[in-house]
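A.B. asks: For reference, the chains in residue letters:
2 protein chains.
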Amino acid sequence: MWIPDRQSKKPLYQQIADHLEQRISYGEYPPGSLLPSERKLADQLGVNRSTVILAFAELRSMGIIESRTGSGTRVSKTKWGATPKHTPNWSRYAEGGSFLPNPPFMRRIREALHQHPSLIDFASGELSADLAPNDEITKLMSEHKYTSYLGYDNPQGYVPLRQALVSYLERHRGIHTTESSILITSGSQQSLYLITQCLLSPGDAVAIEDPSYCYSLPMFQSAGLRLFRLPVDSSGIRPEDIRALYKKHRIKMVFMNPNFQNPTGMVFDAERRKQLLDLASELRLPIVEDDPFSLTAYDGVPPSPLKSMDMIGSILYIGSFSKIAASGMRIGWMVAPNSIVERLADARQQMDFGLSVIPQQVAAQFLNSNHFVPHLERLRMQLQFKRDLLIEALQKELPDLVTFSIPQGGLHLWCKLIPEVHDGKLLEEAIRRGVVFVPGSVYGSDSGYIRFTYARAKAEEIGPGIAKFAEALRELIGEKPAL
Amino acid sequence: MWIPDRQSKKPLYQQIADHLEQRISYGEYPPGSLLPSERKLADQLGVNRSTVILAFAELRSMGIIESRTGSGTRVSKTKWGATPKHTPNWSRYAEGGSFLPNPPFMRRIREALHQHPSLIDFASGELSADLAPNDEITKLMSEHKYTSYLGYDNPQGYVPLRQALVSYLERHRGIHTTESSILITSGSQQSLYLITQCLLSPGDAVAIEDPSYCYSLPMFQSAGLRLFRLPVDSSGIRPEDIRALYKKHRIKMVFMNPNFQNPTGMVFDAERRKQLLDLASELRLPIVEDDPFSLTAYDGVPPSPLKSMDMIGSILYIGSFSKIAASGMRIGWMVAPNSIVERLADARQQMDFGLSVIPQQVAAQFLNSNHFVPHLERLRMQLQFKRDLLIEALQKELPDLVTFSIPQGGLHLWCKLIPEVHDGKLLEEAIRRGVVFVPGSVYGSDSGYIRFTYARAKAEEIGPGIAKFAEALRELIGEKPAL
Ligand SMILES: Cc1ncc(COP(=O)(O)O)c(C=O)c1O
Ligand SMILES: Cc1ncc(COP(=O)(O)O)c(C=O)c1O
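Protein sequences appear in the order of chains A and B.
Each residue of the first sequence is one higher than the one before, starting from 1 at the first, in our numbering.
Each residue of the second sequence is one higher than the one before, starting from 1 at the first, in our numbering.
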């Protein structure tokens, strides 16, 4: 990102005015389009709002922009350019299609992290740099020779990666399959996208857990699906709830994250698993098993996936490297009946022509290497260590104000707030103090919960982060004077 | 892919029966689902059809599969497994969503290339291994250290790659922009997908060139768009045709590939470019400029893109590494007004969470390295060399039966057949003789054309490949006895 040069003799406001003029002339902000607000620009450029006000005044005096109270600052339609030209009505185009925007809290969190990279991050559901196998990846990449052809890949995914996954699934997940039943995807996200877009039609009813990661994904609504809730208790969902939903709404599919569920950390009960599989067979109901966390089991004994007990092919199984290696690799997989894999591979050609071969090669090498199992062991220990730091900090700072169960795997702690607080206000108070988390309501459940991700922050940030959070909370419930 | 072991003492048919039984037990072919045909399996496994017939008979005798005349072979519903279970009706699910399957010719070509990797490939629109910068990529990857965080990336794309593209676009394409107006995508394909899915709505009318690469993409129909044709002559499309379509159908967008168009190789005329830009402004009509080929210009002077003359932001500009480096990298970009980039970045989060950081880093390093320009020079020379080999072969083998104009850039030669031949029969005859191409009708135009890609085959294959093609053609028009 461009930022003004504080060493330069040219005043800051003038640098900003010149920069904006240039971007407008490049067509980034076409005639008539809205510029970012003064506050947002000030934040982005790291200057005072008054400096941006001066820059806008300068551009206004040149006839390049126009401000109208209440409707923001726009690029002038008539004065810009030699003749009065007509730009497409881009804002109308931006409303096309059926993709709903991401939830406001998620956008706010992303924006805050972008503007203040030093925020202590309990929000991003991913590993910190020191937990990722960076050294291993560097090493594997430096050893690889690209002698063969880097062409359009098989739409189902790079064959050696699918072969490596056959052994991985057998050894680590008790799932027997062959490479023709595996589809490589850009993380679990793309598996879910493909399922919702290609196997379901608008108006179809589906069941998802409540709370659930899925509620944070506008993807389900974008696909026009009708969502029904399966409440999660300490043993996960209740199969009889599925039967009831099926009777009432003819649900077409069930989405589940049975092992160390995001956000609750729950493990789906073994007895209920059996009931669920029987029910799936009775109702001919496909179950999507989203299983990104199981290998993080702190005791080293990952729960068996539903898929390993599926004798009839009711389960679409989804896995990912994101939570056990690095989310930036964007490597995920789906195990499904052959006809479904072929259908989805064909459709995904229209979307992106398949994944880059390079990270698929790295992933295959990593899975086949003798780095993989030691990496997992180290990851489990370090995640458990961070979890314990978080618990300790919560017990120290907020023993009276929160309750939670202790997660036995995964990246998240689901925390109930005892006092009633306004989600949005708490988030803003926390950001102001330098810490960020995800309000529980994003996951579809009642407010009054917080998802703390302990994997992303540095170990030494966890205590101070919770201290800041505690300040924000106590401030809001009036226990301490305002900052 | 599993293939039977010819050294083993177990008979081939028995190995195949055991293998299929295992895959059925894994849920790859759930009860009631259709198995591949005997012919397809025989092809895939490299055995005679009679061997597959024996294997099927074995499985039938065990009650695992059932064959009914005319409806193929299915996994038994009742005999498989301990109890009669009920699998989801997967074939119904596979019909869900709105994604149309890829065109039959494209599927046939892909299947043929998969089954017979030794086919001489004039069909795949990409570079051969020796044209790709494999050595450079190997070198850059071996130098890179992954010390920083491999986390979820900025949804707009890796910042250093966007910065590298700002200089690239300025230097090589005369386009002035900043990194905030660039979206990184999985090749041009994903840019087109995002535009059709997120900026247009079902029922919208759009104009595309005829013939055009776009006609080979069911993506446009999957998005529910109404397609109208802009005939391409030796100077490209005629702007007045756009005006007529606008009047009649209120087209919402125009898709063009103005430089070394796929499949015709045409360069859009300079005078018409000016008219088009004026028209776009008059009608407030956005133009998508898909520009993957221009840097291959054999004279070293790439045509200027429309975007470089766009003063008001009417052009959505799309670029890609696929045709100038390697399609398997899956790196493309879009330059668009800020509001559009933000909208598409938000939507693409729902699809795949952004691209893998790894190939984006490699791409940025490559663009910034002093390998890039020498690579382009070498590429241009070698493409021209291959083009000349193709022309020479066509003139030698088929002087009486084909006409074409000589492409000055790009990867393809668009060849008119003088005799009338059946597209599908010609393709099958050619495949039987060991060579594959794309029938022109895939690109929406009248039959009677062939697209020959000369970039993909090895130089020494081009002559022999055209000789085989000539045999196939002469066979069909009855000039030679059947093989
Ligand atoms: C339950 C669950 N599914 C899917 C995803 C998507 O992850 P990815 O696409 O990185 O694999 C996440 C990420 O937070 C998740 O928690
Ligand atoms: C005109 C045109 N646009 C887009 C593409 C898609 O290419 P990619 O997604 O690999 O950039 C192609 C590939 O053949 C093409 O010819």
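Heads up, some of the hints might be wrong.
As the list makes no split between identical chains, a pair holds if one copy fits it or if it spans any two.
20 Å max Cα-Cα, derived DMTMM-like pairs, lysine to aspartate or glutamate [what the hints assert, rightly or not]:
1) K416 - E282
2) K145 - D135
3) K77 - E170
4) K416 - E471
5) K40 - E179
6) K145 - D130
7) K274 - D241
Since the hints were derived computationally from the structure, they do not count as laboratory data.
A.B. asks: Against which earlier hints does the structure fall short, listed by number upward?
C.D. replies: Hints 1 and 3 are the ones this structure does not satisfy, whereas the remaining hints hold.
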